[in-house]
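A.B. asks: All chains should be built: construct the whole structure from the sequences, respecting the hints.
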Amino acid sequence: MAQIKITQSEVLSDNWYILRKITYEYTQADGGVQIHQREAYDRGNGATILLYNKEAGTVILTRQFRLPTYVNGNPDGMMIEACAGLLDQDNPEDCIRRETEEETGYKITEIQKVFEAYMSPGSVTEILYFFIAAYAKSMKVSDGGGVEHEQENIEVLEIPIHQALQMIQSGEIKDAKTIMLLQYIKLQGIL
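So that you can map any letter, position 46 of the sequence shown is 45 in numbering that gives the first Met the number 0, and since no number is skipped, the others follow by simple counting.
Because the hints were derived from the structure by calculation, they are not lab data.
Computed from a prediction, not measured in an experiment: that's the story for all the values here.
Please note that the accuracy of each hint is not assured.
[Claimed, not checked] Once the Cα atoms are required to be at most 25 Å apart in a straight line, the calculated SDA-like pairs of lysine to any residue come out as: (1) 112 - 184; (2) 139 - 57; (3) 173 - 114; (4) 173 - 155; (5) 139 - 4; (6) 173 - 20; (7) 53 - 87; (8) 139 - 161; (9) 176 - 114; (10) 53 - 79; (11) 20 - 126; (12) 136 - 63; (13) 173 - 113; (14) 20 - 113; (15) 112 - 57; (16) 136 - 92; (17) 4 - 126; (18) 53 - 174; (19) 176 - 90.
C.D. replies: Pasting the structure below:
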């Protein structure tokens, strides 16, 4: 097993989140030591959730502008996604309950953690906690759309599961966390 020793960590940017250049020694199994430099983007950990309605066969997704996709060829920068947010100081469960209400307008209580994953381990430190939860119309307490001071401008979408899965094939849904959650509820026979 390789051994790692960080020898230097330099902050390159602390504007939106933190970008560090890290120098480390990598001791291989044969005892040889290599020096590596890599950049790591630290934006904190996050949580995501897919709301589903078994009776209606629908899921709740969101649509919002994502600048990085726009600068990488997404013509309008709009992405269809599962609700998500950064943990900040919360635990994953409290975070996702808060984000669900802010973004979708649904106040949920029963949630199920299904897994956690590094989404881009070659460059981003974030671990994302994945949840699912049943929803009903009676749980709708507001229009959602995000909080005003964060300027999220989120559109809430209720989509039949078969249509959401087709949207992966057509390229209308390209968000990894959303694809993972949609496939999870399909593979598990939840919808």
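A.B. asks: Hint by hint, note whether the structure agrees.
C.D. replies: Outcome of the hint check:
no.	hint	verdict
1	112 - 184	holds, 12 Å
2	139 - 57	holds, 15 Å
3	173 - 114	holds, 20 Å
4	173 - 155	holds, 17 Å
5	139 - 4	violated, 50 Å
6	173 - 20	violated, 29 Å
7	53 - 87	violated, 31 Å
8	139 - 161	holds, 23 Å
9	176 - 114	holds, 11 Å
10	53 - 79	holds, 21 Å
11	20 - 126	holds, 19 Å
12	136 - 63	holds, 22 Å
13	173 - 113	holds, 21 Å
14	20 - 113	violated, 33 Å
15	112 - 57	holds, 19 Å
16	136 - 92	holds, 22 Å
17	4 - 126	holds, 22 Å
18	53 - 174	holds, 23 Å
19	176 - 90	holds, 19 Å
Hint violations for this structure: numbers 5, 6, 7 and 14, all remaining hints satisfied.
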